[in-house]
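Make a model of the complete structure from these sequences and hints.
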Amino acid sequence: MTSWVKFTVSIPDTQQDTLVAQLSTAGFGGFVQEDDYIDCYVEKKKWTSGVQTRSREVLQRFAKEYPKLELRTETTDVEDRNWNAEWERSAGIVDATKKIVIKPSWKSLRRRDKGKIVLHIDPKMSFGTGHHETTRVCLRLMEYYVRRGDHVADFGTGTGVLAIAAAKLGASRVIAVDTDSWSFENASENVLRNKAGDRITVHKGSIVALGKRPFDLVVANIDLPTITKFLGRLLTLTRKGGVLILSGLLMTDLVPVLRLINRRSITPLLLADEGEWIGFALQRT
Numbered sequence: 000m001t002s003w004v005k006f007t008v009s010i011p012d013t014q015q016d017t018l019v020a021q022l023s024t025a026g027f028g029g030f031v032q033e034d035d036y037i038d039c040y041v042e043k044k045k046w047t048s049g050v051q052t053r054s055r056e057v058l059q060r061f062a063k064e065y066p067k068l069e070l071r072t073e074t075t076d077v078e079d080r081n082w083n084a085e086w087e088r089s090a091g092i093v094d095a096t097k098k099i100v101i102k103p104s105w106k107s108l109r110r111r112d113k114g115k116i117v118l119h120i121d122p123k124m125s126f127g128t129g130h131h132e133t134t135r136v137c138l139r140l141m142e143y144y145v146r147r148g149d150h151v152a153d154f155g156t157g158t159g160v161l162a163i164a165a166a167k168l169g170a171s172r173v174i175a176v177d178t179d180s181w182s183f184e185n186a187s188e189n190v191l192r193n194k195a196g197d198r199i200t201v202h203k204g205s206i207v208a209l210g211k212r213p214f215d216l217v218v219a220n221i222d223l224p225t226i227t228k229f230l231g232r233l234l235t236l237t238r239k240g241g242v243l244i245l246s247g248l249l250m251t252d253l254v255p256v257l258r259l260i261n262r263r264s265i266t267p268l269l270l271a272d273e274g275e276w277i278g279f280a281l282q283r284t
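For the sequence shown, numbering that gives the first Met the number 0 assigns the number 0 to the initial residue and increments by one for each residue that follows.
Honestly, the hints are just simulated from the structure, not real lab data. Any given hint could turn out to be false.
Said to hold, decoys possible - Derived DEER-like restraints, expressed as beta-carbon distance ranges: (1) 211 with 5: 39 to 47 angstroms; (2) 9 with 274: 20 to 28 angstroms; (3) 113 with 44: 45 to 53 angstroms; (4) 78 with 232: 31 to 39 angstroms; (5) 178 with 94: 25 to 33 angstroms.
Unchecked claim - Think about it this way: if two alpha-carbon atoms lie no more than 27 angstroms apart in a straight line, the pair counts; the simulated BS3-like pairs of lysine-lysine are: (6) 98 with 113; (7) 113 with 97; (8) 97 with 115; (9) 5 with 203; (10) 203 with 167; (11) 106 with 194; (12) 167 with 115; (13) 44 with 5; (14) 44 with 203.
Every value quoted in this text rests on a predicted model; they were computed, and no experiment measured them. Glycine is no exception: its CB is placed at the ideal position from the N, C-alpha and C atoms.
So this is what it looks like as structure tokens:
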């Protein structure tokens, strides 16, 4: 049984998404957001001095950005548990786009969902339930650019939601990768739940697990540091004339991303946003 450390931060829900985005780079494996606090989870064996230091640095930077907030933290040890039960308390059907809905297995479809693309997603400790803006931003962009018969790569798949969406939007072959064991297991289960195993392959690993053959479309819903590190490889994996979709980015990341783009053979196609979050569709030239 896996032991976990729960790092709780007391913070109003209006600032939670921004803090989660920053803490996700510190090494946490998952988050549960409540009205006035966030529970951040990391495997106990991974609760290293480095993760603790990065967490403190994130909170210090955040406190400077929002000086009126009084952040309080608490650290506790927890045993493995049924994470679905944690989500069942609040997770419902998400209208991700005008034609895509995301539904956990414990919810029944509504009348208005008839004729829509339904993504059956049950979360574990993985990112991508449709409740976060970046998932919805990516799905909106994918609606525009996924074509029937496309070969698609999903880098940092989380629950597998974007890979599954690609298949249901018409992609004939999808490869999804994630370095996190929970995400690999969760995405694999969700692929089977959506009866998409004939078109989607899930690998546990980093970008090398995507192979060398270029794809028609590559999607990466991650964060700015990871995009900065892997942008060159992501472009190599995108065929010439193909589309690269990037998200996991805050509005404050806009200028750094534009600087990255200007150095590459990329044509911006579309910028989508929701709240404080943005996503790009880019064409490799």
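Each hint, compared with the structure:
1. Checked against the hint of 39 to 47 angstroms, the C-beta distance between residue 211 and residue 5 comes to roughly 40 angstroms, which is consistent with it.
2. Hint check: residue 9 to residue 274, Cβ distance near 21 angstroms, so the stated range 20 to 28 angstroms holds.
3. Under the hint 45 to 53 angstroms, the C-beta atoms of residue 113 and residue 44, about 47 angstroms apart, fit the expected range.
4. Distance hint check for residue 78 and residue 232: the Cβ-Cβ separation is about 38 angstroms, which falls inside the suggested range of 31 to 39 angstroms.
5. Our hint of 25 to 33 angstroms for residue 178 and residue 94 holds, since their Cβ atoms are close to 30 angstroms apart.
6. This hinted pair checks out: residue 98 and residue 113 have alpha carbons roughly 10 angstroms apart, not beyond 27 angstroms.
7. Only pairs whose Cα atoms come within 27 angstroms are accepted, and residue 113 paired with residue 97 is accepted, the gap being roughly 12 angstroms.
8. For the given pair, residue 97 sits about 8 angstroms from residue 115 by alpha-carbon distance, which is consistent with the 27 angstroms threshold.
9. Note on residue 5 and residue 203: the hinted pairing holds, with a Cα-Cα distance of about 24 angstroms set against a maximum of 27 angstroms.
10. A threshold of 27 angstroms between alpha carbons decides the hint, and for residue 203 with residue 167 the separation of about 22 angstroms falls inside it, so the pair holds.
11. A C-alpha spacing of about 18 angstroms is found between residue 106 and residue 194, which places the hinted pair at or below 27 angstroms, so the restraint holds.
12. Simply put, residue 167 and residue 115 have alpha-carbon atoms about 11 angstroms apart, close enough for the 27 angstroms limit, and the pair holds.
13. Annotation: proposed proximity of residue 44 to residue 5 holds, straight-line Cα distance about 13 angstroms (limit 27 angstroms).
14. Between residue 44 and residue 203 the CA atoms are separated by roughly 19 angstroms; this keeps the pair inside 27 angstroms, and the hint holds.
In the structure shown, no violation is registered for any of the earlier numbered hints.
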